[in-house]
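Going by my numbering, the sequence shown opens with residue 1, and the numbers climb by one from there.
The hints are simulated quantities; they were obtained by calculation from the structure and are not laboratory data.
The beta carbon of each residue, even a glycine, is placed where N, CA and C say it ideally should be.
Incorrect hints may appear among the rest.
Stated by the list, open to error - Across the chosen pairs, the derived CB separations fall in these ranges:
1) S213 with S80: 37 to 45 Å
2) D173 with N279: 49 to 57 Å
3) Q214 with S338: 23 to 31 Å
4) K377 with R240: 45 to 53 Å
5) Q55 with R361: 30 to 38 Å
6) H341 with E133: 47 to 55 Å
7) A52 with I274: 39 to 47 Å
8) S44 with P270: 25 to 33 Å
9) A52 with T284: 25 to 33 Å
10) I67 with K364: 49 to 57 Å
11) E133 with L237: 38 to 46 Å
12) D66 with E133: 41 to 49 Å
13) S264 with S242: 47 to 55 Å
14) R48 with G389: 28 to 36 Å
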Amino acid sequence: MEYIRRLVSRILPEKLKSFLLVLIDARVRARFFQDFRIAHQQKSILNRQYPAGTQRLIIFLVPGTDIVNGGIMSIFSLCSESKKLKHIHKAEVIICSLPDNKIFNPYYLRHRENRILRFTKFKNDIEILDLKEALQYFKKLDSLTIHIPELYVGNFMEGLCNKSIMLRDHSHDVTMNIMLQNIRMLPSSEDILNLKKIASQVTCTTAHDQYTSQEVRDYLGCPLHLFSVWASPEQYLFKRYSEKRELLVVSPDRHPSKQSVLESIQRAHPLIEIRIVQNISYETFKQWMTEAKWTLTFGEGLDGYLGEGIFSGAIGFAVYNEEFFTQDFSRFETIYKSHEHLMEMICIDIQKYDNEAEYERYQKRQYDLLCSLYDYKSYVSNITKYYQGNYDYP
1 MEYIRRLVSR ILPEKLKSFL LVLIDARVRA RFFQDFRIAH QQKSILNRQY
51 PAGTQRLIIF LVPGTDIVNG GIMSIFSLCS ESKKLKHIHK AEVIICSLPD
101 NKIFNPYYLR HRENRILRFT KFKNDIEILD LKEALQYFKK LDSLTIHIPE
151 LYVGNFMEGL CNKSIMLRDH SHDVTMNIML QNIRMLPSSE DILNLKKIAS
201 QVTCTTAHDQ YTSQEVRDYL GCPLHLFSVW ASPEQYLFKR YSEKRELLVV
251 SPDRHPSKQS VLESIQRAHP LIEIRIVQNI SYETFKQWMT EAKWTLTFGE
301 GLDGYLGEGI FSGAIGFAVY NEEFFTQDFS RFETIYKSHE HLMEMICIDI
351 QKYDNEAEYE RYQKRQYDLL CSLYDYKSYV SNITKYYQGN YDYP
């Protein structure tokens, strides 16, 4: 029997194997019909909410998985603000899931998550549409802009080929914008070149000041512009030292020294509750930040685990990283030179700042610096300049 199964697996084409899976596997069948229902809903949304004769379209691409992280929420924020700027760019704005280059892979059919219509782990009112369906619906486009996360540039190209999507068939004016949210995920030269082959113009927008530079623009060979992120203080409930709990919120990032650092903190400060962010909604995360006296990130450093905690009244701990932090952050005692330095000093610094006067003096320094970097008006201005073609590095 096993021999026959392997023989069939080798002989049958992928599409036929996928069809057989739908017939014989109840879980795959249920997923297939749920996907079918969501696809129908997505088509209905297009018909109800958007004119078929639309001439200008902006698409933000997201992975088709119901997750929550800073990158996803940043894209949703950019989409929402772009919708408000229709008087500038004159376009409809939608979010689509990335084209799937594994759609006929039998293993993928068994193990992938369902198609989604909406992200459910943070508050939003934006429906997710299918890229190919959207492009087939908007048949009279004069201008098409697609914002794609840097991490997915290569997969995007594969997905286009798999679904036979030819962007130039839908619009002669195609702009592909790489959303560079993490400089360590900078696309390869080959991927950038491939984007340039299918688009009239390629641009790149960034999330951090530190790598919005001439050097990065020269590597990309295309206009570079700072979008930044909306992380301004008005989004958060600020609590003072006297209102805080003995709580340390820790980022979910992996690091070789993480366990040792947390154990050291627990031994030196047994009254502190340590919570690692994992499998919680964004609203729960914000509540934790409001309650927390301390936050610690093992990630890129200048991220939501640091910034959102500081905006909520916490003191933030991180390791300085010149790829993301501006030089100003190196002056903070709790932004350490290395993970070894963090291990050596964090327990001492918690003790040092665990009194109202010292805590509020130091926390205000961190808070004021973040406020100087992130504010809503500047964020909207950055997005507006992009759609006007007024790039930081043309």
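ask   = So the hint says 38 to 46 Å: do the beta-carbon atoms of E133 and L237 match that?
value = Since E133 and L237 have Cβ atoms about 40 Å apart, the given range 38 to 46 Å holds.
Is 25 to 33 Å respected by the C-beta to C-beta distance linking A52 and T284? Check failed, 41 Å falls outside 25 to 33 Å.
Inset, instruction - Given the range 28 to 36 Å, decide if the beta-carbon distance of R48 to G389 lies inside it. - result: The hint (28 to 36 Å, Cβ to Cβ) holds, given that R48 and G389 are roughly 32 Å apart.
query: Do the beta carbons of D66 and E133 sit within 41 to 49 Å of each other?
result: Given a distance of about 19 Å, which is not inside 41 to 49 Å, the answer is violated.
State, for the Cβ atoms of H341 and E133, whether the hinted interval 47 to 55 Å holds or is violated. holds, 52 Å
**Study point:** Range agreement (Cβ of R361 with Cβ of Q55, hint 30 to 38 Å)
**Key:** Roughly 56 Å apart at Cβ, these two residues miss the hinted range, so it is violated.
Next on the checklist: Holds or violated: the 23 to 31 Å window for the beta-carbon distance between Q214 and S338?
Outcome noted: holds, 29 Å
- Message: For the hint 25 to 33 Å, verify it against the beta carbon of S44 and that of P270.
- Response: violated, 56 Å
Starting from the hint 47 to 55 Å, judge whether the C-beta atoms of S264 and S242 obey it. violated, 27 Å
Practice task
Starting from the hint 49 to 57 Å, judge whether the C-beta atoms of D173 and N279 obey it.
Solution key: Violated, since D173 and N279 (Cβ atoms, about 43 Å apart) do not stay within the stated range.
Does the Cβ distance between S213 and S80 fall inside 37 to 45 Å?
violated, 28 Å
May I ask you to test the hint 45 to 53 Å on the CB atoms belonging to K377 and R240? Because 26 Å falls outside the window, the suggested range is violated.
Checked against the numbered hints given earlier, this structure breaks hints 1, 2, 4, 5, 7, 8, 9, 10, 12, 13; the rest are met.
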